[in-house]
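Protein chains: 2
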Amino acid sequence: MRYYEDIDVGSKQDLGSYTVPKAEMTDFAERYDPQPIHLDEELAAETIHGGLIASGWYTASVCMRLLVDGFLEDSSAVGAFGVDELRWRTPVRAGDTIDAEHRILDATESTTRDDRGYIEGELTAHNQDGEEVIEWRATSIFLRRP
Amino acid sequence: MRYYEDIDVGSKQDLGSYTVPKAEMTDFAERYDPQPIHLDEELAAETIHGGLIASGWYTASVCMRLLVDGFLEDSSAVGAFGVDELRWRTPVRAGDTIDAEHRILDATESTTRDDRGYIEGELTAHNQDGEEVIEWRATSIFLRRP
Numbered sequence: 001m002r003y004y005e006d007i008d009v010g011s012k013q014d015l016g017s018y019t020v021p022k023a024e025m026t027d028f029a030e031r032y033d034p035q036p037i038h039l040d041e042e043l044a045a046e047t048i049h050g051g052l053i054a055s056g057w058y059t060a061s062v063c064m065r066l067l068v069d070g071f072l073e074d075s076s077a078v079g080a081f082g083v084d085e086l087r088w089r090t091p092v093r094a095g096d097t098i099d100a101e102h103r104i105l106d107a108t109e110s111t112t113r114d115d116r117g118y119i120e121g122e123l124t125a126h127n128q129d130g131e132e133v134i135e136w137r138a139t140s141i142f143l144r145r146p
Numbered sequence: 001m002r003y004y005e006d007i008d009v010g011s012k013q014d015l016g017s018y019t020v021p022k023a024e025m026t027d028f029a030e031r032y033d034p035q036p037i038h039l040d041e042e043l044a045a046e047t048i049h050g051g052l053i054a055s056g057w058y059t060a061s062v063c064m065r066l067l068v069d070g071f072l073e074d075s076s077a078v079g080a081f082g083v084d085e086l087r088w089r090t091p092v093r094a095g096d097t098i099d100a101e102h103r104i105l106d107a108t109e110s111t112t113r114d115d116r117g118y119i120e121g122e123l124t125a126h127n128q129d130g131e132e133v134i135e136w137r138a139t140s141i142f143l144r145r146p
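Going line by line, the protein sequences match chains S and R. Residues in the first sequence are numbered from 1 upward in steps of one, following full-length UniProt numbering. Residues in the second sequence are numbered from 1 upward in steps of one, following full-length UniProt numbering.
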């Protein structure tokens, strides 16, 4: 189990990659973001995007899964306050392979609760052409070593 | 169709509400955020949350659906740059009813492309006890009236 004390500021985690299945991408959009650019192939082709693109929340969710598998699993993380500077750069399309990495920006012990500390991390992800697709900064709560 | 010109700074949109089914909440977590606090009932009961809580990305996705149905549908929105100040306040639990609203903070015509403008909006959502569960600010691209 990795606790707050085991996380080094400046360290990087390679989170691996995921290839986006079209059905999963459009299933997500049907349920949570049913805009034509995510679902209507013909209409999307005529927009500024030139074809179907993933919901930005789908891209974020796929990267969250990579972050759990590649960093949060077997850690003492118990939640997050939120996210800042979430940016969708190049849109994700069906069949894209998204490769993510995570960097520890800062670590701060709680001043009011001695069982926890706060980890600020930055996630970035690129597609198979090296174009950045998403990035965000998040502050998570980690328990300290008992 | 509502275009950039039809969106008034300062206006508010009531986005309605959604009651969270437990199966949907845990299905989302299994796929995109498989941390014990979202999936393992017994373990979650012993954490600082005292029971299963929704993935923050699930809460965001549910609110995105409310935003599409209550504001973006039948508009000229063609995407968003990103999100700032996303905050998860009170965790969402199965059976909670989430009520969302949206407020237009700013509108700016593009200086480089005369077919579009940028709308900055703030989404906030509360549970059935009036506790805030999530908020964010996003800048979206809207096409101007042709």
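Treat each hint with caution, since some may be false.
Any copy will do: because identical chains look the same in the list, a pair fits if it lies in one copy or spans two.
[Stated by the list, open to error] With a straight-line cut-off of 25 Å between C-alpha atoms, the simulated SDA-like cross-links for lysine to any residue are:
{"#": "1", "residue 1": "K22", "residue 2": "G79"}
{"#": "2", "residue 1": "K12", "residue 2": "G130"}
{"#": "3", "residue 1": "K12", "residue 2": "T90"}
{"#": "4", "residue 1": "K22", "residue 2": "D84"}
{"#": "5", "residue 1": "K22", "residue 2": "A80"}
{"#": "6", "residue 1": "K22", "residue 2": "V78"}
{"#": "7", "residue 1": "K22", "residue 2": "R144"}
{"#": "8", "residue 1": "K12", "residue 2": "E85"}
{"#": "9", "residue 1": "K12", "residue 2": "Q35"}
Quick caveat, the hints were computed from the structure, so don't treat them as lab data.
Here is how each hint holds up against the structure:
no. : hint       : verdict
1   : K22 / G79  : between (30 Å within a copy, 19 Å between copies)
2   : K12 / G130 : within (18 Å within a copy, 40 Å between copies)
3   : K12 / T90  : within (23 Å within a copy, 30 Å between copies)
4   : K22 / D84  : neither (28 Å within a copy, 28 Å between copies)
5   : K22 / A80  : between (30 Å within a copy, 21 Å between copies)
6   : K22 / V78  : between (32 Å within a copy, 20 Å between copies)
7   : K22 / R144 : neither (41 Å within a copy, 31 Å between copies)
8   : K12 / E85  : both (19 Å within a copy, 24 Å between copies)
9   : K12 / Q35  : between (35 Å within a copy, 21 Å between copies)
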